[in-house]
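Student: With these hints in hand, go ahead and build the complete structure from the sequences.
For what it's worth, my numbering labels the leading residue of the sequence shown as 146, then goes sequentially.
Take these hints with a grain of salt, some might be off.
Here are the simulated DSSO-like pairs of lysine-lysine, each with C-alpha atoms no more than 30 Å apart in a straight line [to be verified]:
| # | residue 1 | residue 2 |
| --- | --- | --- |
| 1 | K552 | K464 |
| 2 | K464 | K603 |
| 3 | K552 | K581 |
| 4 | K581 | K496 |
| 5 | K499 | K464 |
| 6 | K552 | K603 |
Everything labelled a hint here was simulated from the structure, so no lab data went into it.
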Amino acid sequence: MKRPRIVLVGTVAAILLSVLAAPATAAPRPAATSANLIVNGGGESVAECSPTGLDGMTVPGWAVSAGEPNVVCYGAAGGYPDAGTPGSPNRGTGFLAGGGTGNSSLTQNVIVSAAGAAIDAGGVTYNLSGWLGGYSSQNDRVGLTATFLSGTGTALGTSQLGPVTSANRGNVTKFLQKTATGTVPAGTRTVRLVLAFTWASGGAIDGYADDLSLTLSAAVPTPTLTVPASSVPGYDHVFVVMMENSNYGDIIGNSAAPYINSLAGANTLLTQSYGITHPSDPNYVALAAGGLHGLSDNSILTTTINAPHLGTRVEDAGKTWKSYVENQNGNCDTTAHGHYYPDDVPFYYFKDMKTDAARCAAHWQPLTRMVTDLNSTATTPNFVWFAADGCDDMEDCGTTAGDTWLKNTLPAIFNSPAWTTQRSLLIVTFDEDAVKAFGPGYPNHVPTILVGSQNTVKAGYQSAGRVDHYGILRTIDQALGLAPLTNNDRYAAPVNDAWR
Numbered sequence: 146m147k148r149p150r151i152v153l154v155g156t157v158a159a160i161l162l163s164v165l166a167a168p169a170t171a172a173p174r175p176a177a178t179s180a181n182l183i184v185n186g187g188g189e190s191v192a193e194c195s196p197t198g199l200d201g202m203t204v205p206g207w208a209v210s211a212g213e214p215n216v217v218c219y220g221a222a223g224g225y226p227d228a229g230t231p232g233s234p235n236r237g238t239g240f241l242a243g244g245g246t247g248n249s250s251l252t253q254n255v256i257v258s259a260a261g262a263a264i265d266a267g268g269v270t271y272n273l274s275g276w277l278g279g280y281s282s283q284n285d286r287v288g289l290t291a292t293f294l295s296g297t298g299t300a301l302g303t304s305q306l307g308p309v310t311s312a313n314r315g316n317v318t319k320f321l322q323k324t325a326t327g328t329v330p331a332g333t334r335t336v337r338l339v340l341a342f343t344w345a346s347g348g349a350i351d352g353y354a355d356d357l358s359l360t361l362s363a364a365v366p367t368p369t370l371t372v373p374a375s376s377v378p379g380y381d382h383v384f385v386v387m388m389e390n391s392n393y394g395d396i397i398g399n400s401a402a403p404y405i406n407s408l409a410g411a412n413t414l415l416t417q418s419y420g421i422t423h424p425s426d427p428n429y430v431a432l433a434a435g436g437l438h439g440l441s442d443n444s445i446l447t448t449t450i451n452a453p454h455l456g457t458r459v460e461d462a463g464k465t466w467k468s469y470v471e472n473q474n475g476n477c478d479t480t481a482h483g484h485y486y487p488d489d490v491p492f493y494y495f496k497d498m499k500t501d502a503a504r505c506a507a508h509w510q511p512l513t514r515m516v517t518d519l520n521s522t523a524t525t526p527n528f529v530w531f532a533a534d535g536c537d538d539m540e541d542c543g544t545t546a547g548d549t550w551l552k553n554t555l556p557a558i559f560n561s562p563a564w565t566t567q568r569s570l571l572i573v574t575f576d577e578d579a580v581k582a583f584g585p586g587y588p589n590h591v592p593t594i595l596v597g598s599q600n601t602v603k604a605g606y607q608s609a610g611r612v613d614h615y616g617i618l619r620t621i622d623q624a625l626g627l628a629p630l631t632n633n634d635r636y637a638a639p640v641n642d643a644w645r
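Tutor: So this is what it looks like as structure tokens:
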């Protein structure tokens, strides 16, 4: 039997009237969501993306914690991803990659203390995402790990993306979007991100990452790129000598290099110093100009780089500079002879030197002229790059020849008025390691020694902070008060722990 419908007209009307008469209640607001808290999550802030995948660089916002990770250009030769490769729809000009020296990693700390009260109350969530990929059937890979840290650095939890393997990609070159979500552990004040690249085969690591993102469901100030802090003191003069083709372990502790080891033992030795790439000349240009500027070979007579360099920055600061080479036949000597090569200093690569004979002659002179210039502080340039010839720089004639040359050459600096009466810094470094190869086992680890006048550099000290030629360049910038050349030196961490 059909039940009769009951309509309570009076009751419904009363309820409706009470609702209409009630004060308005605001709709609940959605939870605040932060902007992307990862700085430079796609690598777009580098000075220049790599066209080969084989050169190290500064990756602004990130610290290199292992190897030589870099940013590779989309469309780089050798099968790298290009504009048509499946991946992020918001891609820029490059993507993060593992570099050419074996396993590598980048680290970034995200400060979330502004949301501390909300995090501790519970319910703040995170969204970690990114595009991870690799090359064809090669199983090089990359993964991103987020570790939630308390104010004292205690790990409270982790979250991870990837790694994406070749099987995950179906043995096809592409990126896959990965996402992880969850609740931020109570007590979290920092999220430490580690982007770890793992080598499987080949020279460069073909694990790729792009458009990394971390957001919280709470208000956190959007981080911005910041220049790493510097404690480098000011100097009147900086002297640089770049020796050649020697592994760290082939020099430090080698009885065939007693003088260099005496310098290292009595001053500050950088135990984690690295070249940028191979072959030789790109390392010179990296230190001189803050980037490779497309250089991938030794071609000083046929390649012209139209960019500023250390010399121009020194002049911009109202200071003076020169380069000097052993066995150079007169000023601006561009002809190879004996063990002399015109690329023993890098400045002839640059247009301002190559197209102006008078400028070239004024700034590129024989080493004998350095000895003369050292006779007074007035004639000693503020910045000096001096070099041995191809024999005495260890390339042609070995370790003992270079050690002897330094023993015979450096006293002219140490006994000069610029050293004994002013603040002067000497940097002894090497362009690259002995084996010009890429992949695990070839870290491009080189010796670098700092010596300072007036007790400005620690004696008998070993600095374990990682530094490459761009970090040395940033140290020179700070020592002489120079403007940076590119984002490679602007955002490189200088040597901060060597100073008294």
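Student: Go through the numbered hints given earlier and state which of them the structure violates, listing their numbers in rising order.
Tutor: none
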